[in-house]
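Asker: Here's the letter readout for the chains.
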Amino acid sequence: MPLIDAASPPRLVVVQCPDWSVVAAGAVATEPVAVLHANRVVARTPAAADSGVRQGHRRREAQRICPELRIIAHDPARDGREFEAAVRSVAEMVPRLETTEPGMFTFLAKGPARYFGGEHAMALRVATLVADAIPVMHTWMLGIGIGDGRFTAGVAARDSAVHSRRRADQQPTIIDPGVSATRAYLAPLSVSALRDVGGLSVELVDLLQRLGLHTLGALAALPAPDVLARFGTPGAFAHRIAGGGDDRPPGTQSAPPDLLAMRLFDDPVKMLDPLVFTAKQLAEELHGLLAANGRVCTRLAVTAETEHGERSEHLWYRPGGLSVAAIVERVRWQLDGWIRKPGGLTGGVVTLRLVPDEVRSDDGSQLGFWGGRSEADEWAVRAVSRVAGLVGEQQVLVPIWHGGRLPGDTYRWTSVDQIDLGPGAGSGSGTGDDRLRAPDVPWFGQLPAPSPATVLTEPLPAEVLGATGDVVRVNGRGLLSAVPDTISIQSSPAQSSPAQSSPAQFGPAQLITAWAGPWPVDERWWDPAAHRRLARFQFITARGTAFLAVVEHQQWWIIAVY
Amino acid sequence: MERSSLHERRERLTHLVPKIGPVSFARDRVLPVAPALEPLLPEAGLVRGSVIGCQGPTALSVALALVAEASAAGSWLAVVGVPSLGLRAAGELGVALDRLVMVADSARDLGEGPWANVVSALIDGFDLVVMRTDLRASAARRLQARLQARGAVLVLVGDPGPFSCDITFTSDRGMWEGLGHGSGRLERRRLSVTAHGRRLPRQRRLDVWLPGAAGQVDAVHDTLHDALHDIDVQLPDTPAAAYRQTG
Numbered sequence: 001m002p003l004i005d006a007a008s009p010p011r012l013v014v015v016q017c018p019d020w021s022v023v024a025a026g027a028v029a030t031e032p033v034a035v036l037h038a039n040r041v042v043a044r045t046p047a048a049a050d051s052g053v054r055q056g057h058r059r060r061e062a063q064r065i066c067p068e069l070r071i072i073a074h075d076p077a078r079d080g081r082e083f084e085a086a087v088r089s090v091a092e093m094v095p096r097l098e099t100t101e102p103g104m105f106t107f108l109a110k111g112p113a114r115y116f117g118g119e120h121a122m123a124l125r126v127a128t129l130v131a132d133a134i135p136v137m138h139t140w141m142l143g144i145g146i147g148d149g150r151f152t153a154g155v156a157a158r159d160s161a162v163h164s165r166r167r168a169d170q171q172p173t174i175i176d177p178g179v180s181a182t183r184a185y186l187a188p189l190s191v192s193a194l195r196d197v198g199g200l201s202v203e204l205v206d207l208l209q210r211l212g213l214h215t216l217g218a219l220a221a222l223p224a225p226d227v228l229a230r231f232g233t234p235g236a237f238a239h240r241i242a243g244g245g246d247d248r249p250p251g252t253q254s255a256p257p258d259l260l261a262m263r264l265f266d267d268p269v270k271m272l273d274p275l276v277f278t279a280k281q282l283a284e285e286l287h288g289l290l291a292a293n294g295r296v297c298t299r300l301a302v303t304a305e306t307e308h309g310e311r312s313e314h315l316w317y318r319p320g321g322l323s324v325a326a327i328v329e330r331v332r333w334q335l336d337g338w339i340r341k342p343g344g345l346t347g348g349v350v351t352l353r354l355v356p357d358e359v360r361s362d363d364g365s366q367l368g369f370w371g372g373r374s375e376a377d378e379w380a381v382r383a384v385s386r387v388a389g390l391v392g393e394q395q396v397l398v399p400i401w402h403g404g405r406l407p408g409d410t411y412r413w414t415s416v417d418q419i420d421l422g423p424g425a426g427s428g429s430g431t432g433d434d435r436l437r438a439p440d441v442p443w444f445g446q447l448p449a450p451s452p453a454t455v456l457t458e459p460l461p462a463e464v465l466g467a468t469g470d471v472v473r474v475n476g477r478g479l480l481s482a483v484p485d486t487i488s489i490q491s492s493p494a495q496s497s498p499a500q501s502s503p504a505q506f507g508p509a510q511l512i513t514a515w516a517g518p519w520p521v522d523e524r525w526w527d528p529a530a531h532r533r534l535a536r537f538q539f540i541t542a543r544g545t546a547f548l549a550v551v552e553h554q555q556w557w558i559i560a561v562y
Numbered sequence: 001m002e003r004s005s006l007h008e009r010r011e012r013l014t015h016l017v018p019k020i021g022p023v024s025f026a027r028d029r030v031l032p033v034a035p036a037l038e039p040l041l042p043e044a045g046l047v048r049g050s051v052i053g054c055q056g057p058t059a060l061s062v063a064l065a066l067v068a069e070a071s072a073a074g075s076w077l078a079v080v081g082v083p084s085l086g087l088r089a090a091g092e093l094g095v096a097l098d099r100l101v102m103v104a105d106s107a108r109d110l111g112e113g114p115w116a117n118v119v120s121a122l123i124d125g126f127d128l129v130v131m132r133t134d135l136r137a138s139a140a141r142r143l144q145a146r147l148q149a150r151g152a153v154l155v156l157v158g159d160p161g162p163f164s165c166d167i168t169f170t171s172d173r174g175m176w177e178g179l180g181h182g183s184g185r186l187e188r189r190r191l192s193v194t195a196h197g198r199r200l201p202r203q204r205r206l207d208v209w210l211p212g213a214a215g216q217v218d219a220v221h222d223t224l225h226d227a228l229h230d231i232d233v234q235l236p237d238t239p240a241a242a243y244r245q246t247g
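Line order of the protein sequences matches chains S and V. Using this note's numbering, you'd call the opening residue of the first sequence number 1 and step up by one each time. Using this note's numbering, you'd call the opening residue of the second sequence number 1 and step up by one each time.
Just so you know, these hints were derived from the structure itself, not from any lab. A quick note: this is a predicted structure, and the numbers were derived from the prediction, not measured. Please note that a few of the clues may not be correct.
Unchecked claim - Label-pair restraints from in silico Cβ distances:
hint	chain 1	residue 1	chain 2	residue 2	range
1	S	222	V	74	31 to 39 Å
2	S	403	V	74	20 to 28 Å
3	S	264	V	114	33 to 41 Å
What the hints assert, rightly or not - Among chain V residues calculated to face chain S with C-beta under 8 Å, some are:
hint	residue
4	60
5	64
6	74
7	83
8	98
9	101
10	103
11	106
12	114
13	117
14	180
15	181
16	182
17	184
18	185
19	203
Claimed, not checked - Covered by chain V, per the in silico footprint, the following chain S stretches (three or more residues, Cβ under 8 Å):
hint	stretch
20	388-394
21	442-450
22	455-462
23	542-550
Glycine is no exception: its CB is placed at the ideal position from the N, C-alpha and C atoms.
From just these sequences and the hints, can you work out the full model?
Answerer: See below:
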């Protein structure tokens, strides 16, 4: 199993469509459109960008900046499916095309460049092919970068996208071959490219900037051993790619030839879902085989064939390694686009094959050790979006810290579209923790732990009587008119109509065996509309149930059960 | 000579058996529970794919206490049909609130079919699902099969309906401590929890503090210390005593 030649990075073409999600949604570049995921802008059209809408803006913010903005919900499946057409049309011209994510693919420059008469001509040809495959693409500019190694080509593609749009003329950015030319090109660029293109962490880039290393050239000029000593493996990797070196993670190997997962169907399958289900089994099988050797697949070939010999083959690349969920997602994108292609398929699928093309030793990076996202998080976030699709986002709730003296106030429920459940896709500091962060100081007037397990959504009216049979009252100074003796609770929440207080609705009186209170609350006295003045009590009845009750305007309410 | 070597071989064999047996297999499929509740469960944890029922007036507290440890260890928890869940109490028990998601009860108006799909989608993505059920038998069978395939744990609060529970926990109202007659406050509750089910050869019964002094679940140590505590005698707070209590 030979190690891939580490000396010279291969010459690659990176084709990138910035803001692919909007293109996939069918938006024209001149119309202001944004795609939102978890209430944040993930992609927008150039028209929207000109008005000032940026990635990461919240919905309200974006609408304030650009009131005519059309908003489309994020749909990764749509992104993958629509991109399939572009990939298919280019893959007919170039071999071994690999897709990193919807909106971005990479291939080796050498062969196609010779065939099409030079790198520049080839780049323009690819742009035409993509635009022909996706009608709306004619109004957009692609980023096409050619350079040594994935990082250089990726930076060039980003540069090309920006310049093509500015000049309204599709032009590729081509970096001359050779380490010195690459290094010269990268040197003046900002280290933020390491984050945006190289996939390095926000923290590392931030640290480099704070240490005064603003350009890739400044980082590359440092001695490699010192960088390794100070910044560890990620730093060494950043140093290597900043200097135009090889950007494949160490330990990358081509996969052993006998390693594959395949399923032959006796009955041709025409539907997508059974295929995806099979793909999940295959992915788990493959993942198990690789994990047994402590390796993870970074490049995977997915092949499907129909009974009539139609064939869809794709290479998928993911630098962090392909987890089971990632594999299943990619198979879905590929097959969904293939099955729905114009004209459709003539037969059902008989073969589905997953072949790892490139593997590397698994350093566990995909499982996120320190605050990153684990596989469980990924599954759960996915399930949440599916349930939100079934019942509506307003119906899926998560806790949010609110603060207050009553048990229902400390945390409240908020609908999932208000917050970012998954921290902004690897951006490190997620807002997921912020929503639950309580201040370090205690909340004055809050009852100490333990808190009631059941907090009634609708308080139940109650009647607390003293030994003489009179309703117990609490005066303004917090003094009781009598010792609480019995409590009777209305069995159903109060109707909003005022004419409801007939005593017949109350349940049987229960003897109070232990009690404490009153603990007064006088909240928001400065605001007449929100002002609340009440007193809290804890009761234990003869049946052994413990209640939290409040009395407000001389009316008793049960608000929680312990 | 012959006998002793036979004996020796047997000895060696008994040492080998646990090593070559599928030791880690069953444990891999178990989610952790709080140490105080471990004696109630045959595998000392929640077996993935199982259905657990919680009944009695304090069923919700027991259900939350059961899932708290796994939630804290990284599992996601979905809550269905329990709109009155006390979030602060859940947090005190150790449930990670940032991995807690609830589906509002009004979503149930969609009808039986879509509702079952919602629960099934939750089972797909979440390790733990706490639910008050009103599903029909056909949907329950489908969900139970899904549960086993996906390896989630379903904790049913109240009447399990058509689900067949692997273990059922029944808890009484318990005895509260700390509240007097016009004085004190609710401090902790001694709860008697009974576990029975097809995974248990005979019924198990355990007393726990649920909630304990800080809202968490604690084991009851029926020792001299507790006996003295009951009659209001202060024990010297030696490190050894503190260690015994926590350890």
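Asker: Checking each numbered hint in turn, tell me which of them this model violates, lowest number first.
Answerer: 19
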